[in-house]
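Peer 1: Given next are the chains, with one letter for each unit.
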Amino acid sequence: MFPKNAWYVACTPAEIDDKPLGRKVCNEAIVFYRDADGAAVALEDFCPHRGAPLSLGRVIEGKLVCGYHGLEMGCDGRTVAMPGQRVRGFPAIRAYPVVERHGFVWVWPGEAALADPATIHACDWADNPDWAYGGGLFHIHCDYRLMIDNLMDLSHETYVHATSIGQKEIDETPTTTRTDGDAVTTSRFMDGVMPPPFWRLALRGNHLPDDQPVDRWQICHFSPPSHVLIEVGVALAGQGGYHAAPEVKASSIVVDFITPETETSIWYFWGMARNFNPRDKALTASIREGQGRIFSEDLEMLERQQRNLRAWPDRTLLKLNIDAGGVQARKVLDRLVAQERAGAAALQG
Amino acid sequence: MFPKNAWYVACTPAEIDDKPLGRKVCNEAIVFYRDADGAAVALEDFCPHRGAPLSLGRVIEGKLVCGYHGLEMGCDGRTVAMPGQRVRGFPAIRAYPVVERHGFVWVWPGEAALADPATIHACDWADNPDWAYGGGLFHIHCDYRLMIDNLMDLSHETYVHATSIGQKEIDETPTTTRTDGDAVTTSRFMDGVMPPPFWRLALRGNHLPDDQPVDRWQICHFSPPSHVLIEVGVALAGQGGYHAAPEVKASSIVVDFITPETETSIWYFWGMARNFNPRDKALTASIREGQGRIFSEDLEMLERQQRNLRAWPDRTLLKLNIDAGGVQARKVLDRLVAQERAGAAALQG
Amino acid sequence: MFPKNAWYVACTPAEIDDKPLGRKVCNEAIVFYRDADGAAVALEDFCPHRGAPLSLGRVIEGKLVCGYHGLEMGCDGRTVAMPGQRVRGFPAIRAYPVVERHGFVWVWPGEAALADPATIHACDWADNPDWAYGGGLFHIHCDYRLMIDNLMDLSHETYVHATSIGQKEIDETPTTTRTDGDAVTTSRFMDGVMPPPFWRLALRGNHLPDDQPVDRWQICHFSPPSHVLIEVGVALAGQGGYHAAPEVKASSIVVDFITPETETSIWYFWGMARNFNPRDKALTASIREGQGRIFSEDLEMLERQQRNLRAWPDRTLLKLNIDAGGVQARKVLDRLVAQERAGAAALQG
Numbered sequence: 001m002f003p004k005n006a007w008y009v010a011c012t013p014a015e016i017d018d019k020p021l022g023r024k025v026c027n028e029a030i031v032f033y034r035d036a037d038g039a040a041v042a043l044e045d046f047c048p049h050r051g052a053p054l055s056l057g058r059v060i061e062g063k064l065v066c067g068y069h070g071l072e073m074g075c076d077g078r079t080v081a082m083p084g085q086r087v088r089g090f091p092a093i094r095a096y097p098v099v100e101r102h103g104f105v106w107v108w109p110g111e112a113a114l115a116d117p118a119t120i121h122a123c124d125w126a127d128n129p130d131w132a133y134g135g136g137l138f139h140i141h142c143d144y145r146l147m148i149d150n151l152m153d154l155s156h157e158t159y160v161h162a163t164s165i166g167q168k169e170i171d172e173t174p175t176t177t178r179t180d181g182d183a184v185t186t187s188r189f190m191d192g193v194m195p196p197p198f199w200r201l202a203l204r205g206n207h208l209p210d211d212q213p214v215d216r217w218q219i220c221h222f223s224p225p226s227h228v229l230i231e232v233g234v235a236l237a238g239q240g241g242y243h244a245a246p247e248v249k250a251s252s253i254v255v256d257f258i259t260p261e262t263e264t265s266i267w268y269f270w271g272m273a274r275n276f277n278p279r280d281k282a283l284t285a286s287i288r289e290g291q292g293r294i295f296s297e298d299l300e301m302l303e304r305q306q307r308n309l310r311a312w313p314d315r316t317l318l319k320l321n322i323d324a325g326g327v328q329a330r331k332v333l334d335r336l337v338a339q340e341r342a343g344a345a346a347l348q349g
Numbered sequence: 001m002f003p004k005n006a007w008y009v010a011c012t013p014a015e016i017d018d019k020p021l022g023r024k025v026c027n028e029a030i031v032f033y034r035d036a037d038g039a040a041v042a043l044e045d046f047c048p049h050r051g052a053p054l055s056l057g058r059v060i061e062g063k064l065v066c067g068y069h070g071l072e073m074g075c076d077g078r079t080v081a082m083p084g085q086r087v088r089g090f091p092a093i094r095a096y097p098v099v100e101r102h103g104f105v106w107v108w109p110g111e112a113a114l115a116d117p118a119t120i121h122a123c124d125w126a127d128n129p130d131w132a133y134g135g136g137l138f139h140i141h142c143d144y145r146l147m148i149d150n151l152m153d154l155s156h157e158t159y160v161h162a163t164s165i166g167q168k169e170i171d172e173t174p175t176t177t178r179t180d181g182d183a184v185t186t187s188r189f190m191d192g193v194m195p196p197p198f199w200r201l202a203l204r205g206n207h208l209p210d211d212q213p214v215d216r217w218q219i220c221h222f223s224p225p226s227h228v229l230i231e232v233g234v235a236l237a238g239q240g241g242y243h244a245a246p247e248v249k250a251s252s253i254v255v256d257f258i259t260p261e262t263e264t265s266i267w268y269f270w271g272m273a274r275n276f277n278p279r280d281k282a283l284t285a286s287i288r289e290g291q292g293r294i295f296s297e298d299l300e301m302l303e304r305q306q307r308n309l310r311a312w313p314d315r316t317l318l319k320l321n322i323d324a325g326g327v328q329a330r331k332v333l334d335r336l337v338a339q340e341r342a343g344a345a346a347l348q349g
Numbered sequence: 001m002f003p004k005n006a007w008y009v010a011c012t013p014a015e016i017d018d019k020p021l022g023r024k025v026c027n028e029a030i031v032f033y034r035d036a037d038g039a040a041v042a043l044e045d046f047c048p049h050r051g052a053p054l055s056l057g058r059v060i061e062g063k064l065v066c067g068y069h070g071l072e073m074g075c076d077g078r079t080v081a082m083p084g085q086r087v088r089g090f091p092a093i094r095a096y097p098v099v100e101r102h103g104f105v106w107v108w109p110g111e112a113a114l115a116d117p118a119t120i121h122a123c124d125w126a127d128n129p130d131w132a133y134g135g136g137l138f139h140i141h142c143d144y145r146l147m148i149d150n151l152m153d154l155s156h157e158t159y160v161h162a163t164s165i166g167q168k169e170i171d172e173t174p175t176t177t178r179t180d181g182d183a184v185t186t187s188r189f190m191d192g193v194m195p196p197p198f199w200r201l202a203l204r205g206n207h208l209p210d211d212q213p214v215d216r217w218q219i220c221h222f223s224p225p226s227h228v229l230i231e232v233g234v235a236l237a238g239q240g241g242y243h244a245a246p247e248v249k250a251s252s253i254v255v256d257f258i259t260p261e262t263e264t265s266i267w268y269f270w271g272m273a274r275n276f277n278p279r280d281k282a283l284t285a286s287i288r289e290g291q292g293r294i295f296s297e298d299l300e301m302l303e304r305q306q307r308n309l310r311a312w313p314d315r316t317l318l319k320l321n322i323d324a325g326g327v328q329a330r331k332v333l334d335r336l337v338a339q340e341r342a343g344a345a346a347l348q349g
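Residue numbers (this note's numbering), protein chains in the order written: chain A, 1 to 349; chain B, 1 to 349; chain C, 1 to 349.
Read the hints as simulated data drawn from the structure, not as lab findings. Since we're looking at a predicted model, the values are computed, not measured. Each residue gets a CB set at the ideal place from its N, CA and C atoms; glycine is no exception. A couple of the hints might just be wrong.
Where chain B lies over chain C, by a calculated footprint (3+ residues, C-beta under 8 Å) [unchecked claim]:
| id | segment |
| --- | --- |
| 1 | 41 to 53 |
| 2 | 65 to 73 |
The calculated DSSO-like cross-link candidates involving lysine-lysine, where the alpha carbons are at most 27 Å apart (straight line), are [as the list claims (entries may be wrong)]:
| id | chain 1 | residue 1 | chain 2 | residue 2 |
| --- | --- | --- | --- | --- |
| 3 | B | 63 | A | 168 |
| 4 | C | 319 | A | 63 |
| 5 | B | 168 | C | 24 |
| 6 | C | 24 | C | 4 |
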């Protein structure tokens, strides 16, 4: 259950620089590569000759050459050539709309006619010299909505991430959740707390003292299909918090692009964009390493939760105030999927 | 197919000393831990908040704290507290009757109202200074009844355990099987045989010569749901055999508590209780190591037998005289399960 | 979908020299071993006593002794003896026709009455001092027909085996396919080409120059159920090619016996028979090693192709001229399986 008429992050640009990449997105087995101009291409990962995966082939002068019998596939899914064959009558394979933007390759696994690159999520921090970005990719065996729940309710930090970003005050501070069209926002503001280890690192990275009380904030922004961008930060206490001057705070955006692979597995692109010390590559690396370690702590919990939910399919989960972000996000997704189905039915109809 | 209204060994006490233990018993996913008084607790391994496995959490002052969002679970399956929440309306999870006794933690996976700790299997050797016990745990992919068959027909020792406890005379000596209520006993007495390697070790451990003929016995006691305790021993030949004086024999009880995990997998708690040299810890360790090695020889056979039976579901197995112990045990189990189902139907009825 | 009334290679002789071998052929779980005279025996891998796999047992004086309780099985599937038991009434297990010939053990998984050893594939190179043979065995997760396709269309060499036997001229040279009864032959002749690395090795092995143009040929012979023998070779250019004198060529037979394990997995016995320098064991070893490396390059492609075909079951594959060998072979197989089913239906009346 996921919208297919949507832009999902398929991979990072570097993943297709040297050879084709086979990756399943929303149950579609897709091969990604670059054409002669370096532009990203996304096709069904199925050679029309004998069904070999095209992702086992090579890219030669921008044409994807099947690794089994040398069929040359064009960027539109039509066979260009094959040794000793006339290929005009070969059946085409499906081409997916694909765009490289903001440091990611985005794919539209649904109806191609509806794909509008203008609707790709805006990322102001990308391609912006005042910002630095570092991130990674995890493959996790869970429904993508469990990851959205996880990110829209950061009270789990106290327990799952106790030694890095968790602190008791997260639990003690209530959140506010607001839905605006398809966007859902959950906010939490903790004033006058001591910064936990990860934020002490960030304060030092921004040349600020790390042993004084801070005002800390977490503002989680969900937008369809499955993007969660979280404004996080700390400011020296009493200087305005979220609105404090850049000199007295360390803030950043936690970037989460969640791409369903199947109903119960995801490609999870995580990262952090920051607008302090953007040229400090060592800082980028150490933040990235710390975040990777922290986020990997969620994997077992999410996979075991998924297995539990599958074992007890009839059990209803609680929807507490802390769960409001995930609950609202699911409502948006339910609506979008219903619209998509109604649209498909009308077209057939 | 197994009785659920029965006491099964769930784990050893040490397994829950430091942290919660998640273990499936008779298809029930259960978390075991100790309350504030150190008493064992058994609950469904499912957090009522969002379905996380509670066994991934921690025990703090006898309360099980979910590792995802900090829900505090009580020993009765009712939520005690959760940060920022009123928990009175939270749905309870199931609590299972559980008792620590005889060096094991016992659980009753069926109807709690029927659980009577007085019916836990008596183990005279436990908590008795004249006896020593050593044992271990194996996880095996087979129907628990295949393990009962294995233990009630020791003629397999000649083939599976040829180099330790097997000897040709086992095959040549007929057995007697007797059923008394729910108890099944299969006995074999071999007089004037040479002791095989394992028994030579035991004779030496009891300061007896290991190079002389002995009278050897094996008395297998099955009792529901799946306990097999085997009186085994050797006495210097002609001194009364099973009834010989302690000074001229080495005897012990092979302890087998078989706990179904699913229909086709088990937790197998094996061990040996002996009443000679009980304070000799090195002897306990060497017997335990030898027994572990011997019992591991059965694993592949049982798992491959299970796969064969699944591949040929319609084939009828032979029921020879040597199989009588297992056959009678299955009759007892069939009767108990039928009673259990009739009881459940009457209750619903 | 495979003929069962056919001789398949089950194993090499050495595989049953020391102990019984359990191997599934055409969905039949079979145990292979040698009787008292050293002759190969093939029986159902199922002990009639309690269903243990007989392949876990031992062979004692030509009798297969079950490793669980010592049942002694005879070569005809009838129990010979069991300690303490009268075995006359024991149900027999199935015995399969089996013949050791040409350096292989052949089994007939279908109706035993139809098995005629005279129909085992003739291998003139076997047991012939003018020839040398080296080969190996791979276990691959694909339909056996995908492997037949692979071997009847060598145009894949250009892509899969680019660094060893592949060369551009393979693609550029059309093939001829001919069907004669149940036999299918696909031929390709490439004149005046430079030999690729594997053939340079073979030329040197036959004391010929490796840096001159050659005439190269590939003649693929399919015969049921799933044998593909390929005459391959190179001759110094202009000396008659396939018909050139032995002194100016290096030629051999690629031997492929493909045995279905299940519908989607195979035991693939591959090798090469050559009639030059047959006594040079180092050459045999280096050819065998090279061929093993080359053939292992096909494994991932075939297994991923199989998974693709399973994911898109309704998609029709192309049948190009280069695919004619595989297409014709499938027609033969379809006919044989239909005949087999008609025969079985007629018998059942």
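Peer 1: Each of the hints needs a verdict: does it hold here or not?
Peer 2: So, going through the hints one by one against the coordinates:
Counting residues of the segment 41 to 53 of chain C whose beta carbon lies closer than 8 Å to any beta carbon of chain B gives 8, which reaches the threshold of three, so the coverage claim holds. Counting residues of the segment 65 to 73 of chain C whose C-beta lies closer than 8 Å to any C-beta of chain B gives 6; at least three are required, and the coverage claim holds. This hinted pair checks out: residue 63(B) and residue 168(A) have alpha carbons roughly 18 Å apart, not beyond 27 Å. Restraint check for residue 319(C) and residue 63(A): the C-alpha separation of about 23 Å stays at or below 27 Å, so the hint holds.
Of the supplied pair hints, the one linking residue 168(B) and residue 24(C) is violated, its CA atoms being roughly 33 Å apart against a limit of 27 Å. Taking the CA atoms of residue 24(C) and residue 4(C), the gap is about 13 Å. The hint holds against a cut of 27 Å.
When held up to the earlier numbered hints, the structure conflicts with hint 5 and nothing else.
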